[in-house]
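Listed here are the chains, written in short residue letters.
There are 2 protein chains.
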Amino acid sequence: MMTADEKHLKKMKAIKEKQDQKIAAADIERGVSILLAGPGKGKSSSAFGMLARSLGHGHKVAVVQFLKGAMSTGEERFFTSHENVDWFAMGDGFTWETQNRQQDVDSAEKAWAKAAELLADERYNLVILDEITYMFKYQYLEFQPTLDALKNRPTTMNVVLTGRGPKQELIDAVDTYSHILEEKHAFKDGVKAQAGIEW
Amino acid sequence: MMTADEKHLKKMKAIKEKQDQKIAAADIERGVSILLAGPGKGKSSSAFGMLARSLGHGHKVAVVQFLKGAMSTGEERFFTSHENVDWFAMGDGFTWETQNRQQDVDSAEKAWAKAAELLADERYNLVILDEITYMFKYQYLEFQPTLDALKNRPTTMNVVLTGRGPKQELIDAVDTYSHILEEKHAFKDGVKAQAGIEW
Chain A
0 MMTADEKHLK KMKAIKEKQD QKIAAADIER GVSILLAGPG KGKSSSAFGM LARSLGHGHK
60 VAVVQFLKGA MSTGEERFFT SHENVDWFAM GDGFTWETQN RQQDVDSAEK AWAKAAELLA
120 DERYNLVILD EITYMFKYQY LEFQPTLDAL KNRPTTMNVV LTGRGPKQEL IDAVDTYSHI
180 LEEKHAFKDG VKAQAGIEW
Chain B
0 MMTADEKHLK KMKAIKEKQD QKIAAADIER GVSILLAGPG KGKSSSAFGM LARSLGHGHK
60 VAVVQFLKGA MSTGEERFFT SHENVDWFAM GDGFTWETQN RQQDVDSAEK AWAKAAELLA
120 DERYNLVILD EITYMFKYQY LEFQPTLDAL KNRPTTMNVV LTGRGPKQEL IDAVDTYSHI
180 LEEKHAFKDG VKAQAGIEW
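Going down the list, the protein sequences come from chains A and B.
Each residue of the first sequence is one higher than the one before, starting from 0 at the first, in numbering that gives the first Met the number 0.
Each residue of the second sequence is one higher than the one before, starting from 0 at the first, in numbering that gives the first Met the number 0.
Where hints are given, some of them may not hold.
Identical chains blur together in the list; that is why a pair holds if it fits in one copy or across any two.
To be verified - Here are the simulated PhoX-like cross-link-like pairs (lysine-lysine), alpha carbons at most 20 Å apart as the crow flies:
(1) K187 <-> K15
(2) K136 <-> K12
(3) K21 <-> K187
(4) K113 <-> K21
(5) K183 <-> K109
Just so you know, the hints here were simulated from the structure itself, not pulled from any lab data.
Computed from a predicted structure; not experimentally measured.
Given only the sequences and the hints, what does the whole structure look like? Please build it.
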């Protein structure tokens, strides 16, 4: 009869074999597009985590923030000083803060013009389009130019897109899509948004 | 009759009023505990995004990685040089790589001893327990000491826990829980894990 340790070893060898097969099967080398959407916490923060990872590999990265801009955030303060980061916080804040549709649309168009430039620039290994989904949701931007730019980008480029309520066409277009559910949130239990966590 | 702009303004004013009420209602100032779990991409990367945010606010942070350790990652390379970061990659790799239960348990216990020390140290504004859920799932660690350490930590401390298959008691204990679903993943379509994205 096998001991517990022997059983563990046998099971792990079997898992390892399967894992190795999966890794060998995934042999396409190219940049990926990732969509992080849904109501839960973790969309923008995950994008910024990948940004840090990417910098750890010596990559050049760019960020366009479509909503944030009016307020200084921890991520902006932390990353903008890095030589391999180009950061464009081009929003005017939440729509209910600006209360001015035309101003929102103008900001969205400027932000998109910058994003389009970055998505065509092969020097970047990673481009983050933070909270871009709202631009389509609110009809501040047309969707087709984003779809085209994603398709035509340099093959080495990774792209991360974040925000709630993504269009089905965007979900269809990306390689990876995580839907982040909000099971619980401290804010709803009366805890103030914490520096370093929410901003 | 109202113009489209006037309608927008009226709607935004109403939203702003509700948002301001929500913000005013969330007046508790204390550190939060956040669990990022589920099969989708974005758990550890979100934790590292919050780490960057936190550093942007001048906070002191610590990371214990319960699985990673054998392999150098982009996040480790990027963050460990920062003076406000203490980084402990204390795992030996995936269980199917070590294939040695006793070695895994020993590593888990050492990692937990370090985590317990950090969770009691009020100099840290943020402590990340990366992939800790697996330690309970595989029964490498007892759960109660983690639960106690979370409850008894300094009130100013934020904690982020990541990994798949969290215990219900952990979900119950944390303030914020995002469940990350994997709707699509590039790897499953044959794309190799990309540096800067997956590691």
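So, going through the hints one by one against the coordinates:
Taking the shortest alpha-carbon separations for K187 and K15, only the inter-copy value of 17 Å comes in at or below 20 Å, while the best intra-copy value is 42 Å. For the homomeric pair K136 and K12, the shortest alpha-carbon distance between copies (19 Å) is at most 20 Å, but the shortest distance inside one copy (48 Å) is not. Taking identical chains as interchangeable, the C-alpha atoms of K21 and K187 lie at most 20 Å apart only when they sit on different chains, with a minimum of 8 Å there against 41 Å within one chain. Taking the shortest Cα distances, K113 and K21 never come within 20 Å of each other, neither inside one copy (38 Å) nor across copies (34 Å).
With identical chains, the CA atoms of K183 and K109 are never at most 20 Å apart, being 35 Å at best within one copy and 31 Å at best between copies.
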